[in-house]
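Student: Sequence:
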Amino acid sequence: MSELPVAVDDGSRAVRIRGLAPLYCAGFTTAFGAHSIAAGIGAESSDLGIALLTFGALLAVYDVAEIVLKPLFGSFSDRVGAKPVIVGGLLAFAFLSLPGAFATTPTALGLVRLGQGAAASAFSPASSAAVARIAGPAVAGRYFGAYGSWKALGYILGPLIGAGLILCGGLPALFLTLAAVSSAGALWVFMAMPELPVLPRPQYSIVDVARQVSQRGFLVPTMALAGATGALGVAVGFLPLLGTSLHLPVLASMSVVAVLALASALTQPWVGRLRDAGRISTGLGLAVGLALIAGGVAVLAVVPTPATLYAAAVVLGVGMGVTTPLGFAHLAATTPAQRIGRTMGAADVLREIGDAGGPLLVGGVAAAASLAAGLGTLAGLLACMAVLCAVVLRHPGS
3 MSELPVAVDD GSRAVRIRGL APLYCAGFTT AFGAHSIAAG IGAESSDLGI ALLTFGALLA
63 VYDVAEIVLK PLFGSFSDRV GAKPVIVGGL LAFAFLSLPG AFATTPTALG LVRLGQGAAA
123 SAFSPASSAA VARIAGPAVA GRYFGAYGSW KALGYILGPL IGAGLILCGG LPALFLTLAA
183 VSSAGALWVF MAMPELPVLP RPQYSIVDVA RQVSQRGFLV PTMALAGATG ALGVAVGFLP
243 LLGTSLHLPV LASMSVVAVL ALASALTQPW VGRLRDAGRI STGLGLAVGL ALIAGGVAVL
303 AVVPTPATLY AAAVVLGVGM GVTTPLGFAH LAATTPAQRI GRTMGAADVL REIGDAGGPL
363 LVGGVAAAAS LAAGLGTLAG LLACMAVLCA VVLRHPGS
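Numbered continuously in my numbering, the sequence shown closes out at residue 400.
It should be emphasised that the hints constitute simulated quantities derived from the structure, not laboratory data. Heads up, the beta-carbon is just placed ideally off N, CA and C, and yes, glycines get one too. Any given hint might turn out to be false.
Stated by the list, open to error - Simulated restraints on C-beta separations: (1) T307 to V389: 28 to 38 Å; (2) L169 to T336: 40 to 50 Å; (3) L116 to A370: 17 to 27 Å; (4) R281 to P308: 33 to 43 Å; (5) A194 to Y312: 30 to 40 Å; (6) S372 to M193: 30 to 40 Å; (7) L189 to R81: 16 to 26 Å; (8) Q217 to P86: 46 to 56 Å.
Work out the full structure: start from the sequences and follow the hints.
Tutor: Next up, the structure:
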């Protein structure tokens, strides 16, 4: 297969698209796999006998594996190349989804989610790194926006298809479908993704790595991504749970997440193009995105009705659609290609801490007080993050 340079010139958009298409598929697969299960568990929580805190733990365990393993696989992809790591991760995800067809207890579901998270730890940062290298820094916003949109399609179709599969065959049908989708994704990446050359890597000491990850140009955008991801983790599980508590049908409860994802999918490419054209700065954009997310969560805490459930989903989706491409494009544009995999893996660690911490925070506060209190606490934290981004990244060069 042909090799692509680190950054393809502006006249080679078709080459970029051919190279990125299987990576969009990988992004779709991880979103479809993770969030169809999370939303399905939320909608079926009463039948499974799952309490709020246990439910939050089931959402978080997937991310615990990613927190531990993503930096390792990110660095590994820098050493051996992104393609074998992506293919291997997708195949492992397919294999580890099969036991879910026989899981009937919260413990068994938790173990399956843990295995899926470990597999996703391989292909997720490697896919992000490959997108950064194929796109190049000048148009990183546009192509990370498209990559995020395809992931958002996974969020849309995951809950909807998951609801249909659960209605037809329960959670076993959903897990078997995930195995088939992941296998197909691995085949497409193997057949269509171009080879990217492994670049020489300088030796970094622990002090060098600590200095790199503590710079505000890395830490603050990654914190914003973590906040948005934490809110997404809460939304994927707790929006269907809220829908069920409001006596909505299973399909209607799970489709709330699809509304959120559709809003995000439509927003991300537009915001990415604004970023590449210099019409929106990272600091301002991240602050606006986080403020929208905080507002959407606050509405759910104060006025939980079927109408506000869907309205908040739209606001949350737009906020995430603003935050995600700006954060990733900033990282891609400011990181040397030789260590882009490690950087994306390290960024994903903080994102997964948010993804795990969000459901645990809301579930823990809800168990101690109420679900409204848990959502209100999350909204307050997101508002503080928005102010921090506006202050710390107020200059374009930050």
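Student: Decide, hint by hint, whether the structure agrees.
Tutor: Hints and how they fare:
Between T307 and V389 the CB atoms are about 29 Å apart, so this pair conforms to the stated range of 28 to 38 Å. In this structure the supplied range 40 to 50 Å holds for L169 paired with T336, their Cβ-Cβ distance being about 46 Å. Under the hint 17 to 27 Å, the C-beta atoms of L116 and A370, about 26 Å apart, fit the expected range. Look at R281 against P308: about 37 Å separates their beta carbons, and that is inside 33 to 43 Å.
Between A194 and Y312 the C-beta distance comes to about 37 Å, which sits within the given range of 30 to 40 Å. Here the CB-CB span from S372 to M193 is close to 51 Å, at odds with the stated 30 to 40 Å. One distance hint, 16 to 26 Å for the beta-carbon pair L189 and R81, holds here, with the actual separation near 24 Å. For the hinted restraint 46 to 56 Å between Q217 and P86, the CB-CB distance of approximately 30 Å leaves it violated.
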